[in-house]
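Kindly produce the complete structure, drawing on both the sequences and the hints.
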Amino acid sequence: MSFTRGFRRRDRGPRDARLPPGQYDVGSDWPVLTAEPTPRLATDTWTFTVEGLVEQHKTWTWDEMHALPPSTFQGDIHCVTTWSKLGVSFGGVSVDTLLALARPLPSATHVLAVGHTGYTTNLPLADVTDGKAWVVWSYDGRPLPVEHGGPARLLVPHLYFWKSAKWVAGLQLLDHDEPGFWEQNGYHDRGDPWLEQRYQGD
Amino acid sequence: MTEAPPAVPPPRPGRWQTATLVEVRPETATAKTFRLALPEPSPHLAGQHYVVRLTAPDGYTASRSYSVASPPDGSAEIELTVERLPDGEVSSFLHDVAAPGDSLEIRGPIGGWFVWRGDTPALLIGGGSGVVPLMAMLRLARGMGRPDLVRLIVSARSQAELYYAGELPGPETAIVYTRRPPPGWTRPPGRLNRADLAGSMEKDSVAYVCGSAGFADSATDLLIDAGFPTPDIRVERFGPT
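For the record, the sequence lines run as chains P and S.
Taken in order, the first sequence gives residues 1 to 202; the numbers are from our numbering.
Taken in order, the second sequence gives residues 1 to 241; the numbers are from our numbering.
Simulated from the structure, these hints should not be mistaken for laboratory data.
Virtual Cβ for every residue (Gly too), placed ideally from N, Cα, C.
A portion of the hints provided could be inaccurate.
[Said to hold, decoys possible] Facing chain P, a subset of chain S residues (Cβ under 8 Å, in silico):
#, residue
1, Trp16
2, Thr18
3, Leu21
4, Ala56
5, Pro57
6, Trp113
7, Gly118
8, Met144
9, Ile233
Set out below in structure tokens:
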């Protein structure tokens, strides 16, 4: 291995086992890295839709969404730009709950998450089921700030955070993988931080 | 962004390669430009970035992304301008330790969204270090003999904190000083405002906004309030919160 002349790890303690390779702990910061203008979405007209290869197309209003069984996530999030934020908590509803009501067809293999801005990101269906994904509207017990995707964003914490679409508007169930916004622009189709799947070809 | 997938395959950044640092120049007290010679040069687009990876003797690595400031010009060298962040693990190493002749692992070019190919009018708005990718665009436009295609508005706290101060001035650029303008400067100090955009909203142009999250949000709000079409605004937010 070639190393960089004069570079040393500052913190000589053991590396936090929660950090995937190539990531650093951002501490209390929460960087904002968005490619579009921040939209102002009113919750009284907000909707979330599950459509495509499902038995029942479903659309929920803000109030209907909040009437579903609540679910929380506590853990870590990892951005492809190499920061990780450890020990965070989000509240919302499990994607499993939404899919149970829409009932995916057997042919569905992938989802395309779509934002109210037009942002898209693609995921294997298996990465948003079995307790791995949420639609969240609270962070640390407070409403999710708009710059972090409020009023509601997708949360898929086991993948790089661009998969957790801000300002999420819905999921389209597909029988194929369809590259989303960053994926069309060179980023990986799956984005597993533990495998450092940052860019296409990784 | 919701249109059909592109017919072309997604861009892939090149492999990791070991570049040679050939020159370091200060831009401001806290920003330096690093000129790198690439063994496997790959043409970049104005606005793209590279990842720099540092490796310690124990195998520990730290990587950060930095925008390319040099224009696409067929050269086998690129320039990255790096702001020294307080506690910045990679930026402080580059500023304090890296020297010409050193090897640096880099990967790129990366990014297919915040890029300007020189084929549309472009309104470029940068705050602080956010001017770096926009500088590649300005340099491209000037290099093509088409400075008329771009309008660059740069926000800086003071002249001492302005990047590329010697190269920026021109009929296609404007500088907004937020705190301490140089003597004789007619615009009163203050944040970017709607009047600063007057005359810059050319039809069919694409806006590229780059800076801190706060700067990017206020600049995009100004553009949207002034009637600039939201889908034509591309944003790159920089740095810690």
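Hints, verified against the model:
| no. | hint | in the structure |
| --- | --- | --- |
| 1 | Trp16 | violated, 10 Å |
| 2 | Thr18 | holds, 7 Å |
| 3 | Leu21 | violated, 10 Å |
| 4 | Ala56 | holds, 5 Å |
| 5 | Pro57 | holds, 5 Å |
| 6 | Trp113 | holds, 5 Å |
| 7 | Gly118 | violated, 18 Å |
| 8 | Met144 | violated, 24 Å |
| 9 | Ile233 | holds, 5 Å |
When held up to the earlier numbered hints, the structure conflicts with 1, 3, 7 and 8 and fits the remainder.
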